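S.K.: Using the hints, position chain U against chain A.
Quick note, the sequences are listed as chains A and U, same order. Numbering follows the working numbering, in which position 71 of the first sequence is assigned residue number 71; successive positions increment by one, without gaps. Numbering follows the working numbering, in which position 105 of the second sequence is assigned residue number 105; successive positions increment by one, without gaps.
These are computed hints drawn from the structure, not numbers from a lab. Accuracy of the hints is not assured; some may be wrong.
[As the list claims (entries may be wrong)] Covered stretches of chain U (chain A as the covering partner; in silico rule of three or more C-beta atoms under 8 Å from a C-beta of chain A):
1. 47 to 55
2. 92 to 105
3. 147 to 157
4. 186 to 200
In this text the structure is predicted, and so the values were computed from the model without any measurement. Every residue gets a Cβ at the ideal spot worked out from N, C-alpha and C, and that includes glycine.
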Amino acid sequence: MSNVLVVAEQFEGKLKKASLHTVKAAQDLAGRTGGKVFGLVLGKGIGGAAAELAAAGVEVLTADDAKLEHALAENYAKVIEKAAKETGATYVLAPSASQGKDILPRVAARLGAGMASDIMGFGGSGADVTFQRPMWAGSVIAEVEIATPVKLATVRSTEFPAAEKAASAGAVKALALPDLGEAKTKFLEFRQVKSARPELTEARVVVSGGRGTKGDFKPIDGLADELGAAVGASRAVVDAGWVPNDYQVGQTGKTVAPELYIALGISGAIQHIAGMKGSKVIVAVNKDAEAPIFQIADYGLVGDLFKIAPELQAAIKAAKG
Amino acid sequence: MKILCAVKRVEDPEQKIKVKPDGSGIVLEGMNYKPNPYDEIAVEEALRLKEKQGGGEVVVVSIGDASFVTEMRHALAMGADRGILVKLSSATDSDGAARLLAKVVEKEKPDLVICGRQAVDDDQGQTGQLLAEYLGWGQATFAAKLESLESAEEKNKVPGLQIEGNTVKAIREVDGGLEFVQVALPAVVTTELRLNLPRYASLPGIMKAKKKPVEELTPEALGVDVAPKVKVRKMSSPPARKGGTIVPDVATLMEKLKNEAKVL
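Chain A with its partners taken away, still in its complex shape:
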């Protein structure tokens, strides 16, 4: 039996959507290996998140404790290790988000397990399951095998749909916490980027700005508001401090795959394209007709974004009637 443990992610007691995409990946994997899917939710005051996860038909373990309020990798790794052992998990999966990327390698070290980061799919079945993952900023898709008895992976949410609600919810049980000891890391503060817009990784439409905006995001914001879209950015504008780091789309930022991605004033460096080329339809607006972004855009418009974005905004408003 090869059980799969999903380490869910929650924020302030609410399940992050990426967790349900990871459940879907786990179900795919369990189908190949004949195992059962378990979930684990860690934090403080997480009953709601656990119920949301259990609704997908997954048996859920909770680790609900004041010591787990902040996701300190040292503490979380110990809890995840224990949950993996108690559920007899051969596979441990977590969303490929900043939390999973931070913590899961520590779990791998504790379990003596190999780990594949940012997986996009599986191959094979039984004991011979392989993982597909990007290398060199997505220029290469590698099929990898993990040689250890327990195998870990972070899962790219855009490559798996969200798990549906099951006919009956899974049971929710508290996990007896291991001894956490004194953590060497202390949480001081979280400065949240507050936004009324949809989350970048979950939005149906994303409007992104690059160097071409020269730091003026008004045309990007205006167009995004008209479309109910999330706002993204290339690395250059985040480095310049024009927008928060949370906006970055690319190799080391967020991976997005919306129905529609509109890139304004973005030249299209491979590091940016790595984070958005899974989008269904890509529109690019750039002054430079030679910009590499046009090589991957479904529709390109050569011109000044400060003229085109407001025009497009007005046209969309008019079309809505």
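M.R.: Positioned in the frame of chain A, the structure of chain U alone reads:
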């Protein structure tokens, strides 16, 4: 204060990476190599901490074949004091690298290890965290600077990390915002792009680097079995997105989005 930085040699990220027709690897002919950009940021941060404290030592560690010395000399030319090359005769993975680094750390006893958050070749992003767990240390991954890379603080080469007593304070870029943490030393920090802009190596720096000591070690001498836990079976190119149509104006774009792509 003694700071250890891990530097990996990677294919120049500006170059096009192509998969060999048989899927056994990537085409290496004509390839240029560079230090992993995140590792350069790690070296820069170590140098700034040393400068701010007015003393200490920055040691650079590379794991790979003899050719990796080129990238190590680059870090030495930036100002690192000495190098350690762990010579590999066969391939390893992030876990093998972390276990080798753990042994080097046991020997060197640094106060702080700074690594890139990921190497831009395998993009695994695991080594720093694996190392922290093997050592039983705290970690601060994805460390950045609060101020932008175009700020006065950056121009004045102010470090993004802060040493306070026997701790390091770091600002982590995480989903949804910035997390501020304080980690007891010794600790592992991994670098985000926005921690600093690495300096160029000066000509005198390059000359001096040639004379700086580089110690060579082997996995055998360190007692580490580097057989990889994660193995690449096959490589392929991702499905290509074909470039589309250049449209003349907004009206045409609207028409295409509505009737052809059907996304509006």
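S.K.: Hint by hint, work out which the structure violates, then give me just those numbers in ascending order.
M.R.: 1
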